[in-house]
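A.B. asks: Here the structure of chain A is known, so what remains is to put chain B in place on it, guided by the hints.
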Amino acid sequence: METTKFADQIRYYTMRELDNLGFGHFGGSLSIVETLAVLYGKVLNVSPERKDDPDRDYFVLSKGHAGPALYATLFLKGYFDEEFLYSLNQNGTKLPSHPDRIKTPGVDMTTGSLGQGISAATGIAKGNQLLGKSNYTYAIVGDGELNEGQCWEAFQFAAHHKLDHLIVLIDDNKKQLDGYTTDICDPFDFVEKMQAFGFNSWRVDGGDVMAIEEAVIQGKQVNGKPTAIVLDTIKGQGVLYFEELVDNHHVRPDEAGKIAIKEAIATLAEKIEVNQ
Amino acid sequence: MKDLEMRQVYTKTILELAQKDQKIVALEADLASSMGTSKLKEQLGKRYINVGIMEAEEMGAAAGLAVTGFIPFIHTFAPFATRRSFDQVFLSLGYAQNHAVIVGTDPGVTAEMNGGTHMPFEDIALMRVIPRNQIYEVSDPYQFKAILEYAHTAQGLFYIRTIRKQAKSLYNGKEDFSKGYCKLKEGTQGTIFSSGIMVEEALQAADDLEKKGISVQVIDLFRIKPMNEDIVIKAAKLGPIVTAENHNVIGGLGSAVAEIVAENHPVKMKRVGVKEQFGQVGKMAYLKEVYGLKAVDISKAMLDLLK
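Chains A and B, in that order, are what the protein sequence lines are. The first sequence stops at residue 276 when you use UniProt numbering, and every number in between is there. The second sequence stops at residue 307 when you use UniProt numbering, and every number in between is there.
Treat the hints as calculated values from the structure; they're not laboratory data. Keep in mind the model is a prediction, meaning the values are calculated, not measured. A portion of the hints provided could be inaccurate.
Computed cross-link-like contacts, DSS-like style, restricted to lysine-lysine with a CA-CA straight-line distance of at most 25 Å [to be verified]: (1) B:23 / A:51; (2) B:46 / A:220; (3) B:234 / B:179; (4) B:300 / B:234; (5) B:23 / A:133; (6) B:270 / B:294; (7) A:77 / A:271; (8) A:162 / B:46; (9) A:133 / A:225; (10) B:41 / A:225; (11) B:39 / B:23; (12) A:225 / B:46; (13) B:270 / A:133; (14) B:39 / A:162; (15) B:234 / A:133.
Among chain B residues calculated to face chain A with C-beta under 8 Å, some are [unchecked claim]: (16) 32; (17) 51; (18) 54; (19) 57; (20) 61; (21) 62; (22) 63; (23) 65; (24) 70; (25) 87; (26) 96; (27) 97.
Positions of the beta carbon are idealized from the N, C-alpha and C atoms, including for glycine.
For reference, chain A alone in the conformation it holds in the complex (with noise of 0.2 Å):
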């Protein structure tokens, strides 16, 4: 299962990246790592060689935060180097919390303030289009960022502009920082919410690589709408210490915690058969 041990291999630097700074998004970057191991694994055609070739694929990361989880990804398909991963977050830093597209080679839109990415990715996505190519604009946008007005004004626009170039995946990790998305504002059934706005839309099961594959492929079959995957995640995902936390959003591990993260991080590496 090869793209089963490149998650397991983003996970494991995502872990590293993130212990190294000592506090951060961990929640919200583990619950996509399966996502972005089948992207940029499997289906995205990108690469550090081909940085500036117009026919390659985009990727936008809406929900900026996951940006530790982005940059393990980075990482792996050589885009910087190791050392450049630790810099997160560090004084005078080219690799910020949230993905800048003018510091961190390989980032393809600057994200942070919630629902922006989406907006951009139509923007990519129509660009392309209209230079009538057949590359894909690919964009993961969170359940809690749905939250936004904009991110339902780029919905309307994808969807009147037929632009089946463009994929969105939701990471429906069921939480936002101050809790249950249910409890703050309860998104309803987001399938039909996107099959409403014009959207070809189903959910798939976050944590199955193979899954999220299939459905992506099913995603570019489609002709004259765009695709909505729904990725049924879990907050934390891969790390029983984070899935089992509460308010796992943004953590600062106490001594409990700390441990948690050594030994996730011991394990992962056994996993991935790499030497700490």
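C.D. replies: Below, chain B without anything else, positioned relative to chain A:
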């Protein structure tokens, strides 16, 4: 070009540029009929995008289009281009360093019957705090065309503030607009800096002062940012300065001039503009009166300074 409305200048210029450059896209937010850009749709085809009533998406989609190499020209009314979608303009366009041109129309009292909800006295103030962008308030059709052409070839984020309807022609198209200002009247005792619809009032004020034996120069300071510091410092060395703007005196032309003056050559100044008030419905002449934007307000300010 004398009889052209500013909206016609916009449409005509974008059309000329877009025919030469396939990378130009024009974005509207359901104001095509107000701006007269429907004609662009016929000529630009798919490169004309009316997003509907969604300014945040208009700015965000423009950013994405810029990422794929297009040059977006974005129109909406000035309050929606700035205060409504400020974070999108700031972040997706400004911070992300995308090349885009925003044209905000119906500034200040020129919103007339749309009233206070649509009357931006703060758009320049908001846009001035976005690092490295350029801001223009245009006063003349030739000037508008020249600035649109410049914004097409230059890089970065542009905000151009203009009326939609006919502007009184001040120029003949042979002027050099690259310095960011044009001197419209010579004078020896002081300076009036103004922009947009206030240039006309400034010229009237200078004429009125002349009849009283007072000689002041009038400068159309249409590039608000980066402001030409040399001309401001030169003016400060000449004598007192009055600024006149169809905008809040906080954060606009007057503030920008005052900052340069205070840091380089302190001299007495007065800022004519909107003070601590919201907009309201009314005809232009009435609104200019209410907000103190008439020639008499400018000449009175100068007389006070010269006392």
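A.B. asks: For each hint, tell me whether it holds in the structure or not.
C.D. replies: Verification of the hints:
Of the supplied pair hints, the one linking residue 23 (chain B) and residue 51 (chain A) holds, its CA atoms being roughly 20 Å apart against a limit of 25 Å. Straight-line distance between C-alpha atoms of residue 46 (chain B) and residue 220 (chain A) comes to about 23 Å, which keeps the hinted pair within the 25 Å bound. A distance of roughly 14 Å separates the Cα atoms of residue 234 (chain B) and residue 179 (chain B); the hinted pair therefore holds under the 25 Å criterion. Between the alpha carbons of residue 300 (chain B) and residue 234 (chain B) the distance comes to roughly 23 Å, so the proposed pair stays at or under 25 Å and holds.
Taking the CA atoms of residue 23 (chain B) and residue 133 (chain A), the gap is about 15 Å. The hint holds against a cut of 25 Å. About 14 Å separates the Cα atoms of residue 270 (chain B) and residue 294 (chain B), which keeps this hinted pair within 25 Å; it holds. For the suggested pair residue 77 (chain A) and residue 271 (chain A), the alpha carbons sit about 19 Å apart, so the restraint of at most 25 Å is met. Distance check on the hinted pair: residue 162 (chain A) and residue 46 (chain B) sit about 13 Å apart at the alpha-carbon level, within 25 Å; holds.
Taken as a hint, the residue 133 (chain A) and residue 225 (chain A) pair is honoured in the structure, with Cα atoms around 16 Å apart against an allowance of 25 Å. Of the supplied pair hints, the one linking residue 41 (chain B) and residue 225 (chain A) holds, its CA atoms being roughly 23 Å apart against a limit of 25 Å. A threshold of 25 Å between alpha carbons decides the hint, and for residue 39 (chain B) with residue 23 (chain B) the separation of about 18 Å falls inside it, so the pair holds. For the hint linking residue 225 (chain A) to residue 46 (chain B), the alpha-carbon distance of about 18 Å falls within 25 Å, and the restraint holds.
Annotation: proposed proximity of residue 270 (chain B) to residue 133 (chain A) is violated, straight-line Cα distance about 56 Å (limit 25 Å). Restraint check for residue 39 (chain B) and residue 162 (chain A): the C-alpha separation of about 23 Å stays at or below 25 Å, so the hint holds. Taken as a hint, the residue 234 (chain B) and residue 133 (chain A) pair is broken in the structure, with Cα atoms around 54 Å apart against an allowance of 25 Å. Given the 8 Å rule on beta carbons, the hint for residue 32 (chain B) is violated: about 15 Å separates it from the nearest Cβ of chain A.
Contact between residue 51 (chain B) and chain A, as hinted, is supported at the beta carbon level, the nearest pair being about 6 Å apart and thus within 8 Å. A least Cβ separation of about 4 Å between residue 54 (chain B) and chain A falls short of the 8 Å threshold, and the interface hint therefore holds. Interface hint status for residue 57 (chain B): upheld, as the beta-carbon distance to the closest one in chain A is roughly 4 Å, under 8 Å. Of the supplied interface hints, the one on residue 61 (chain B) holds, with its beta-carbon coming within about 4 Å of a beta-carbon of chain A, less than 8 Å.
A distance limit of 8 Å between C-beta atoms decides the matter here; for residue 62 (chain B) the minimum to chain A is near 6 Å, and the interface restraint holds. This hint holds: residue 63 (chain B) has a C-beta 5 Å from the nearest C-beta of chain A, less than the 8 Å allowed. About 4 Å separates the beta-carbon of residue 65 (chain B) from the nearest beta-carbon of chain A, less than 8 Å, and the hint is met. About 5 Å separates the beta-carbon of residue 70 (chain B) from the nearest beta-carbon of chain A, less than 8 Å, and the hint is met.
For residue 87 (chain B), the interface hint holds, since its Cβ comes within 8 Å of a Cβ in chain A; the closest pair sits about 5 Å apart. Taken as an interface hint, residue 96 (chain B) checks out: its beta carbon lies about 4 Å from the nearest beta carbon of chain A, inside 8 Å. A least Cβ separation of about 5 Å between residue 97 (chain B) and chain A falls short of the 8 Å threshold, and the interface hint therefore holds.
Hint violations for this structure: numbers 13, 15, 16, all remaining hints satisfied.
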